[in-house]
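Peer 1: Protein sequence lines, in the order shown, are assigned to chains R and V. Residues in the first sequence are numbered consecutively from 119, following the working numbering. Residues in the second sequence are numbered consecutively from 6, following the working numbering.
Hints listed in this document are in silico derivations from the structure and should not be mistaken for laboratory results. Keep in mind that the hints are not guaranteed to be accurate.
Computed from the model, here is a short list of chain V residues facing chain R with C-beta under 8 Å [what the hints assert, rightly or not]:
no. : residue
1   : F151
2   : V179
3   : M180
4   : F187
5   : L257
6   : L285
7   : M295
8   : G296
9   : A297
10  : L307
11  : I333
12  : L339
13  : P341
14  : T355
Since the structure is predicted, the reported quantities are computational estimates derived from the model, not experimental observations. The C-beta atom is built at its ideal place from N, Cα and C for all residues, glycine as well.
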Amino acid sequence: MEPRDEGRIRTFTRRAVIVGAAQGGILALLGGRLAWLQLVQGKRYKMMSDKNRINVKMLTPSRGLIVDRHGTPLAVNGQNFRVLVVPEQTGDLEQALTKLQELVPLTQKDIRKVLKTAEKSASFVPLEVKDNLVWEEVARIEVNLPDLPGLAIDVGELREYPLGEATAHLVGYVGAVSKGDLEEDDPVLTLPGFKIGKTGIEKSFDHALRGTAGTAEVEVNVVGREVRELNRIDGRPGDMIRLTIDAGLQQYAQERLEQEKSASAIVMDVHNGAVYALASAPAFDPNLFTKGIPAEKWEELLADTGLPLNNKAVAGQYPPGSTFKMVTLLAALEEGKVSRNKSVYCAGHYDYGGDRFHCWKRSGHGRVDMIDALAESCDIFFYELATEIGIDALAEYAHKLGLGEKLGIELEEERAGLMPDKNWKMGYFGEVWRPGETIVASIGQGYIQSTPLQLAVMTARLVNGGKAVRPWVTGLIGDRPYIDENREWPSLGFKTYHLNLVRQGMDRVVNNSKGTAFKARIEKSAMRMGGKTGTAQVRRITQSQRAEGITRNEDLPWKYRDHALFVGYAPVSDPRYVTAVVVEHGGSGSAAAAPIARDLLTKAQEMNPAATSLRMNKSPGPSDVPPPRKPKKEGE
Amino acid sequence: MSRSIELHSEQTLLQKILHIHWGLVLLIAVTAGIGLMALYSAAGGHMDPWASRQGARFLVGLGGMLVIALIDVRWWFRLAYPIYIMGFLMLLAVEIMGHIGMGAQRWINLGFIQLQPSELMKIAVVMALARYFHSVGPDDIRRITFLVPAAFLILAPVGLVLLQPDLGTSLMIVMAGVAVVFVAGAPLWLFLGGIAAGIVAAPVGWLFMHDYQKQRVLTFLHPESDPLGAGYHIMQSKIAIGSGGIEGKGFLNGSQSHLNFLPEKQTDFIFTLWVEEWGLLGGVFLLLLMGAIFLYGLAIALKCRHVFGRLLAFGLMVNFSLYVFINIAMVMGLIPVVGAPLPMISYGGTSMLAVLAGFGLMMSCSLHRDAKLVRM
């Protein structure tokens, strides 16, 4: 050993003894703590433990209701009878379940599931064996309860959706807590049979709707049976959520859309952005989901080409087609690239850079000005504007009007759509933007993707004087307003004169005999609507198909037909309601979408939900809750 | 003195066996016996499912411990880095597989046993540090540059364990590692500075914590405010311990533990069960037993004549004491619930085997305390 190591050994020894002493100190501290608990506090703890064993159990909070703007219930809590089992009270859990099997239908799989859960949880925790018991089953179990130790009937809540399919996408539904949900640290999620919001408003506002669990301290005897309740802290029931929706209009919209194979629509307020109806068809019955949907029903929903599980009003993304022409016109006006007296001769086609771009009307529109061009949806006029504006300016105005980005509606399903520009194309494809692509974009084709919600917002911003209104469906959470109805939305800075020109064109689309939607006009003059048709190409008819004699869209298989679109507002004189309708593969906007928009805007004006303020309504008392509508049954 | 060096370095197997610290073995056996009694009680007076299996594991582990003790410490010196690297790779493998398998996976299934690499790592880090400092000259240790590799040896596996995520084990590795660096002779100001920095950093850390993390700290400070979550366990544990009184409720009569108010009564909360039934007397007995084991470890470290053995034995002793402190402090509500077993007593294979392996190494250091280990 080297002499220098001597110092090191001394250091080691000294420090090791210090650490050792510290360890001794900690041991003494632990001993002291033990003595404190067992000597000083011993009496108190003994009292808590000796005869009275206290069990803390959780009280399920009542889920908040969801109602429409008038207080009509859209999501309520029905009674749900469940049979629970406390494993340690049964003696033999498996035997108890087999006994129960004689009284209620219970598969071997159900039993295995309960046994498996029982292994993982403490044996005094009640487990759910079966829910949604029908009354006869409840009675049968009640009668036999003396022979079924450890089993108990419990009345829980079952979420019910009185309007069924009409609010399936908007309100959403609740479902069992999944593993991923458990990352959240809320003990209430571990309650047997607890449900949380899975889609729609149920999901977006799950926290507010859920409330907080209460606790009850229960004295239990040696075998764990409850003797009496000692202390109870009531939880807070979930908040009621009042939507801006008008249930009547919503239901009407859904039924109207169900006449198509696949369609979606929105009705909203042009001034404050409140959504009055948001419908997507086909839909599904959310009540099936809360009860546990049968596998074959689920398969059926998945297989449906109409995508009943998708909320197409906020998540469907379509080329806007000619409904985009207002954007092109406004951009050109604001950028000073077009004057009121400009006119263009439409011969049915437009040549640019060696390519030929066609108008939808092969024979041409003749000479048109900007108002005619909108009214008759002449493509050539906009092609010419496009070459002057360029894609980046076009994209800028599209974004200002709400296209190509999420608008922040309270539905997590919302999609952003796409408004391309030069940067986007370089980033996405690594290619430069070609001017021909601007021409295609000017009539809403090409890369542009928009949701019906975005189209509605675009139209609202065009006809409300250029205010950057955003859509919202949540009126009140509890009694707190989500967004103030009278909020002033900021101005987008467009010239009123330019906006008026656009509106003039949209008026003519519907109310002039040459307009593309003339057939779908509202005759009653005080209720007249303006708007714009759109037909979005899904697939070009190929040369070989032409050779086979397929020249018309209707000859194509359904999934290749064009999407039909219409955006509209009413009344023309002082716009209040705006709508966007998309009929997937519906053919032309004027024939398929405009009539639906007409019906929706007529109905909206008749019902006039904008006249009812959200705050004026009181919570629904038992007397003014209308009897829940039964969910639609097959073949009804 | 020099004669004894000769004697010890030329020991026969029989001599070695005679020189094993049978006193320490006895203490370990008594501790394990307490564990088996507690497990027997936890099962409501049955050997199944816990006591029997734990007993078998203990016998296997005891054999392993003695084998490890008899192997020449020079072998352990040579294997220190390879074991460290192997442990590290296993940790890495678990991390990668855990990602593939979606979720916190901490085990490697070797067929006959579920191995938890982080347990192995607790020992491997101490071994690697002992070897490293053994090779560092007595003056070099004062230089910060020589501490950088040591810091790396500690922090690399800690990073992986944190990813699992397992904060409790990470802290244990860090604390044991720091203790080894401390006794190895690193400059004192480093530790004082570290403590000062920790005091300063605490409020800053609070600002950066997630809400749920703050919630956990607050719950710990006021367990009554969260009677259903983490606070529930601690309140029930305190009731069970407190109601035990001086003499306890008697073997198999721990009503709180048996009524299932206690979660994990056979693992993390086994100390609670023990002191509910055996009271303050039983609890103090167990604490003294643990203290005696610490002392044994300290004595082995002090008597060792090579730096490797001193640091290894000392680090392993600190390791073991950390297990004990964290578990007992936790069930008595002194520190937040972290999920740490009580070594030798809690039901569970890996921790018992790891602890016994650690004692085996400690005894090897003792048996070969005069071995000549060159500085490399």
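Peer 1: Hints first: check each against the structure and report whether it holds.
Peer 2: Hint-by-hint comparison with the structure:
Residue-level restraint check for F151 of chain V is violated (minimum Cβ-Cβ distance to chain R is 13 Å; threshold 8 Å). For V179 of chain V, the interface hint is violated, since its Cβ never comes within 8 Å of a Cβ in chain R; the closest pair sits about 15 Å apart. Taking 8 Å as the C-beta cut-off, the interface hint given for M180 of chain V is violated, the closest approach to chain R being about 11 Å. This hint holds: F187 of chain V has a C-beta 6 Å from the nearest C-beta of chain R, less than the 8 Å allowed.
Look at L257 of chain V: its Cβ only gets to about 14 Å from chain R, farther than 8 Å, so that hint breaks. With a least beta-carbon distance of about 5 Å to chain R, the hint placing L285 of chain V at the interface is held under the 8 Å criterion. Because the closest C-beta pair between M295 of chain V and chain R is about 7 Å apart, less than 8 Å, the hint holds. Because the smallest distance between the Cβ of G296 of chain V and any Cβ of chain R comes to about 5 Å, under 8 Å, the interface hint for this residue holds.
About 10 Å separates the beta-carbon of A297 of chain V from the nearest beta-carbon of chain R, more than 8 Å, and the hint is not met. At about 6 Å, the closest approach between the beta carbon of L307 of chain V and any beta carbon in chain R falls short of 8 Å, and the interface hint on this residue holds. Nearest Cβ of chain R to the Cβ of I333 of chain V: about 5 Å, under the 8 Å cut. The hint holds. Here the hint on L339 of chain V is kept, as its CB sits about 6 Å from the closest CB of chain R, short of 8 Å.
With 8 Å as the threshold, the beta carbon of P341 of chain V stays out of range of chain R, its nearest partner Cβ sitting at about 14 Å, so the hint is violated. About 21 Å separates the beta-carbon of T355 of chain V from the nearest beta-carbon of chain R, more than 8 Å, and the hint is not met.
Of the hints listed earlier, those the structure fails to meet are numbers 1, 2, 3, 5, 9, 13 and 14, in rising order.
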